[in-house]
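Trainee: Chain by chain, the residues:
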Amino acid sequence: MFFPISGAHVSPIYLIVVGFVIGILGGFFGVGGSFIAGPALRAVGLDWNFAVGTDLAHIVGKSVVAVRQHRAFGNVDLRLGFIMAFGTIGGAEIGAQLIQMLKRAGNVNLVVSIVSIAVYVSISTFMIWESGKTLAAKKPMPPATAKGNKKDHSAFMHVTRAIQRLKLPPMIELPTSGVTISLWIILLVAFIGGLFSGFLGGGAGYIRMPSMVYVLGIPTHLAVGTDLFEIIISASYGTFSHAVKGNVDILIALVMHTGAAIGAQIGAISTQYFAGPKIRLAFVPLPLIGAAIVIYTLVTGHKL
Amino acid sequence: MKKEAAQTLRAFVVELVIYAVLVVAYFFLVLHFLGEGLQQLEKNHRYAYAGIAILLMIGQAVLLQNVTTFLLRLIRGRAE
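Respectively, the protein sequence lines represent chains A and B.
The first sequence begins at 1 in our numbering and counts up by one.
The second sequence begins at 305 in our numbering and counts up by one.
Among the hints, a few may not be true.
Computed far set for chain A versus chain B, every beta-carbon distance over 12 Å [claimed, not checked]:
(1) 2
(2) 65
(3) 107
(4) 122
(5) 137
(6) 161
(7) 163
(8) 211
The list that follows gives simulated cross-link-like pairs (lysine-lysine, DSSO-like), each with its CA atoms no further than 30 Å apart [stated by the list, open to error]:
(9) 347/B <-> 103/A
(10) 347/B <-> 133/A
(11) 245/A <-> 103/A
(12) 278/A <-> 133/A
The set of hints was computed from the structure by calculation and includes no laboratory data.
Think of the CB as a built atom: it goes at the ideal place given N, C-alpha and C, for glycine as much as any other residue.
Build the full structure now, drawing on both the sequences and the hints.
Mentor: Below, the structure written as structure tokens:
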């Protein structure tokens, strides 16, 4: 099938399958899935700028589907999502500026690659340790149900509680998540997520979702749903920005999304059958896949 | 439990088949007609294109979710 905006010939079945896989991951883990979508679009000959912009557009649609499903299960904290969106957009802008600075210095690829490998591996290692310890220490909680039972436990909870005790006004009450926390801590978490998003590309859900659980103390199911809601806002902003620069083939994004719409629903529904620590443990391979892609790019010199 | 799982799986497969037919029709009808207009918009009016791109994405997301939910309800209703 010919897509006139990007001038690419791509099989629609390929796009639907890629969308479906990313949809499942997104619905289940609350991530955008750029670390798969970007290379998958590059692999069929799309220019890198189109791969990034088009992926963002598709993420908007997929996240809308997943959020509607998660909302039906009570897994979305709208207040938290809106607050985080501000921090994320600010962080993404600074991250993009950092990239420009490194470009001028001439060592952008090496620095971004090393930082991203370190970040991905650290997240995975920490989550293996934490979720493994949590699962081993206590009898696993039953999976979340559509009505209530979003409570979660974590081996890192003592640190989370210490962060929640920091009384830096204004304090924000989040009744949906059952948490009261300083606005500045929420903005800081969102800002760091946004910074990585602007610096490393993609939605940075692999950083935001774990930090919502471990730093803010949001139950895993709510962190997944709220992260997706926040992704709708930040990815829409990114899509607009990229579309104005001529980096979005919306026809490709629409075709990808037909697969993602089904996948995102399956992913979102599946979260109801797993307890929080199990979702976090299953999350571990995602950043490692990202790290493997970066290492491959660094060693071979080929951008996936 | 096994019977319920088999029913869900069957409903899902039927839904996928119907969904696939709808999506193919969608490609040929909607995308074919939209393609040229969007290409012109992308070339000449980037801001309008950016706004319409997001609206199209969200509109399709809502539409497809409603279609799949409706199909699933219809198929499950018949199976029971």
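Trainee: All hints, please: hold or fail.
Mentor: Right, here's what the structure says about each hint:
Consistency note on residue 2/A: stated as away from chain B, yet its beta-carbon is not over 12 Å from all of that chain's, at 9 Å minimum. The Cβ of residue 65/A sits about 5 Å from the closest Cβ of chain B, inside the 12 Å cut-off, so the non-interface label is violated. The Cβ of residue 107/A sits about 32 Å from the closest Cβ of chain B, beyond the 12 Å cut-off, so the non-interface label holds. For residue 122/A, the non-interface assignment is confirmed: its Cβ lies about 33 Å from the closest Cβ of chain B, beyond the 12 Å cut-off.
Once the 12 Å rule is applied to beta carbons, residue 137/A is consistent with being away from chain B; the minimum gap is 30 Å. Every CB of chain B is more than 12 Å from the CB of residue 161/A (nearest about 37 Å), matching its label as outside the interface. Interface exclusion of residue 163/A from chain B stands, the closest Cβ pair being 35 Å apart, more than 12 Å. Consistency note on residue 211/A: stated as away from chain B, and its beta-carbon is indeed over 12 Å from all of that chain's, at 26 Å minimum.
For a cut-off of 30 Å, the pair hint linking residue 347/B to residue 103/A stands: about 28 Å separates their Cα positions. A hinted pair counts as satisfied when its Cα atoms are at most 30 Å apart, and residue 347/B with residue 133/A does not qualify at roughly 55 Å. For the proposed pair residue 245/A and residue 103/A, the alpha carbon gap of about 18 Å is at most 30 Å, so the pair holds. For a cut-off of 30 Å, the pair hint linking residue 278/A to residue 133/A stands: about 11 Å separates their Cα positions.
Hint check: violations occur at hints 1, 2, 10; the rest are consistent with the structure.
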